[in-house]
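Engineer: Sequence:
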Amino acid sequence: MAENKDEQSKSSSKSPGNLQGIVVKNKMTKTVVVEIRRKVMHPLYKKVVTKKNRLKAHTDISIPEGSTVLLAETRPISKDKHHRVVRVL
3 MAENKDEQSK SSSKSPGNLQ GIVVKNKMTK TVVVEIRRKV MHPLYKKVVT KKNRLKAHTD
63 ISIPEGSTVL LAETRPISKD KHHRVVRVL
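Residues 3 to 91, numbered by our numbering, are exactly what the sequence shown covers, in order.
No lab work stands behind these hints: they were computed from the structure.
Derived DEER-like restraints, expressed as beta-carbon distance ranges:
#: 1; residue 1: Ser17; residue 2: Asp82; range: 16 to 26 Å
#: 2; residue 1: Pro78; residue 2: Val50; range: 29 to 39 Å
#: 3; residue 1: Ala74; residue 2: Tyr47; range: 29 to 39 Å
#: 4; residue 1: Lys81; residue 2: Leu46; range: 28 to 38 Å
#: 5; residue 1: Val90; residue 2: Lys48; range: 28 to 38 Å
#: 6; residue 1: Thr76; residue 2: Tyr47; range: 30 to 40 Å
Simulated pairs of lysine to any residue, SDA-like, Cα-Cα distance not exceeding 25 Å:
#: 7; residue 1: Lys58; residue 2: Thr33
#: 8; residue 1: Lys27; residue 2: Lys41
#: 9; residue 1: Lys53; residue 2: His84
#: 10; residue 1: Lys53; residue 2: Ile24
#: 11; residue 1: Lys41; residue 2: Ile24
#: 12; residue 1: Lys32; residue 2: Thr70
#: 13; residue 1: Lys29; residue 2: Thr70
For clarity, every value in this text was computed on a predicted model and none was experimentally measured.
Glycine included, C-beta positions come from ideal geometry on N, C-alpha and C.
Construct the entire structure; sequences and hints are all you get.
Structural biologist: Set out below in structure tokens:
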């Protein structure tokens, strides 16, 4: 039983602190706003609902709007920035 849990955790491709999203704003210097979308089941109506979060992420390069990026959680960089762009997908 314990071996199965270990195998499942190793086979998971996503790390807990990594997120994938789409760049929606890039007007700030060294900062992009990334929209993260996830699908959850509504507890009462049992319908799949799309929820979205917008996060500010640190980047040194210019990334155009509409690009898909991979984010990593990091120490607080500023008041609102707690993620950095790992790579553009």
